[in-house]
Amino acid sequence: MSDAVWEILKKVSDPEIPVLTVVDMGVVRKIEQEAETLVVSITPTYSGCPAMDEIESNIRWALEENGYTSVEVKLILSPPWTTDWMTDEGKAKLQEYGIAPPEGSSADKSVLFGEAKKVMCPRCKSRNTKLVSQFGSTACKALYKCDECQEPFDYFKCL
Amino acid sequence: MKEQLLEYTLRLGDNALILGQRLGEWCGHGPILEQDIALSNMALDQLGQARMLMQYAAEQKGGDYTEDKMAFFRDVTEYHNCLLVELENGDWGRTMARQFLFDTYNYYFYTALLSSADERLKEVAHKAIKEVAYHAQWSAEWIIRLGDGTEESHRRIQESMDDLWEWTGELFTMDDVDKLMIEAGIGVDLSRVKEQWDQKVDQILELATLKRPSDDWFQSGGKQGEHSEYLGFVLAEMQHLPRMHPEAEW
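Residue numbers (the working numbering), protein chains in the order written: chain A, 28 to 186; chain B, 3 to 252.
In isolation and in its complexed conformation, chain B is listed as follows:
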């Protein structure tokens, strides 16, 4: 049970950390200043949520573990984020598609986590949900803007949606860790989140004049530590400084 709670905490924390890191790549490269700032703000929110969860994970580990050690000294196979968040940013539309698919999931997930039996996760959820609600609204608006925009923007956002779809299945698969956490009243029943996600995604895609991709086959493994080739590069960039100078301070 202790082991599973730690893994569950890390899954949430790693989602936030890796997505925050990916969004941070846009800083200074956004199409216009306001949207550049918006993404940086969201990256910061994700990082803040990641910190709360890493602190909790470090406490669970005990000993000399700290939030920094959790973030900077774990390797690819010890990361438990879903694959969707580690994928490359691509163009603006692709980043928006990934953000929309994940934000919508995250919004319903944290809404359910508000009544978790674990006090700490519940506290994190109460804090995070306020921020995630703003993210979900913003990314959904971008899907509509791009989908119902020009022929070119429509074509490209549809392509991104089609490409990313196979990475969304993992958000809703439940393994033994999920099942145990649900039984303990701590975790979230993802089948209910899936219903809400389906409904919202369909609604936004329709407004955006986009087609919902078909559920053919889904990638999975991230939650269990089996990642795509992209995560190693994300970690290399994020971790190289603290690994070169482990005791560095400023």
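Next up, chain A with everything else stripped away, as it sits in the complex:
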């Protein structure tokens, strides 16, 4: 029963990064049946992530379409989301989509006044890249530029 629900959720895409599903992102934390109600617990990536409301309704719709009429989507904060929860499949999809996937865990902050991490360019695979800004097009991304192919790219930063 829970497996069937996971399968449905694997088809719900993230509104900001449509190549990823909410399961790839590690946003879905728990699926439980409480009496008549199916309770899906989700956690935000960033606390101000504006996509959370849409993710919540998309999950609800997908489940309702598949016959689950009593659904509760619960927002939980703890434990806090980390990029470590992103699936390997998700990271591969990101890379293919042109966004560099997170490398390692929460190491990005150690760049304080030091050398920024050399992230691999998702296009030409060079590591001759540089950080343009720690804050990118969405809260979860940083802006990088590849010095090899000269293309700018997004990096999904570690959290």
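Worth double-checking, as some hints may not be accurate.
A few chain A residues that face chain B, going by a derived Cβ cut-off under 8 Å, partial list only [unchecked claim]: (1) Ile-69; (2) Tyr-73; (3) Ser-74; (4) Cys-76; (5) Val-100; (6) Ser-105; (7) Val-159; (8) Ser-160; (9) Phe-162; (10) Ala-166; (11) Leu-186.
Hints in this document: simulated from the structure, not taken from any laboratory. We put the beta carbon where it would ideally sit given N, CA and C, even for glycine.
With chain A's structure known, arrange chain B on it following the hints.
Positioned in the frame of chain A, the structure of chain B alone reads:
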């Protein structure tokens, strides 16, 4: 105790909300696109943190209180943010100085709050600290860039630092609410935060070739609901729509 926990929650939530609102004013006005985006990102983080705290505050209030009601239907004297976050943005350097002074405080504050005895505040801290760490790094880098930049940028960032200094004392003053929360294991001992803040601020100011302003006299009162003339204008802009159309939805 219930009353004090609510006020403590609101102090944190209001800091995040008002600073988020101030930073939002920069949206579309940043000096270059990347930095405009950076500030908007930070405004969003602050707003997200404010929401978590307002939801908790609304639950504590009970009845028909909601996060929106907490944000849009309280007046100036019911706000408990520190004065520093409500001050006008000024030029880019002034916004950076305010951000640096507050981020550094916020970083050490939330680090200490990670071990709070209050489960909800602890959860919020675990979520917020990851974001605040990025903010603190970014604003510190700007202080160095501007301080150790041109003669003009150095002069202006030093002026902003001097002007804003008197608003930083309040970050570390502890009143009865703080003391009770510390005794309960919920709140943060601000004297320890002050030591860490002093050390980091001194380190960054030195790298930025800036002088640390002297501790002459400090403004206070924001935490207790006595605000500068600026907060009313911030609230007017933030609240007028939901107050004109209280049941509005989109």
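Checked hints:
no.: 1; hint: Ile-69; result: 14 Å, violated
no.: 2; hint: Tyr-73; result: 6 Å, holds
no.: 3; hint: Ser-74; result: 3 Å, holds
no.: 4; hint: Cys-76; result: 7 Å, holds
no.: 5; hint: Val-100; result: 15 Å, violated
no.: 6; hint: Ser-105; result: 4 Å, holds
no.: 7; hint: Val-159; result: 6 Å, holds
no.: 8; hint: Ser-160; result: 4 Å, holds
no.: 9; hint: Phe-162; result: 4 Å, holds
no.: 10; hint: Ala-166; result: 5 Å, holds
no.: 11; hint: Leu-186; result: 5 Å, holds
Violated hints, listed in ascending order, are 1, 5; each of the other numbered hints is respected by the structure.
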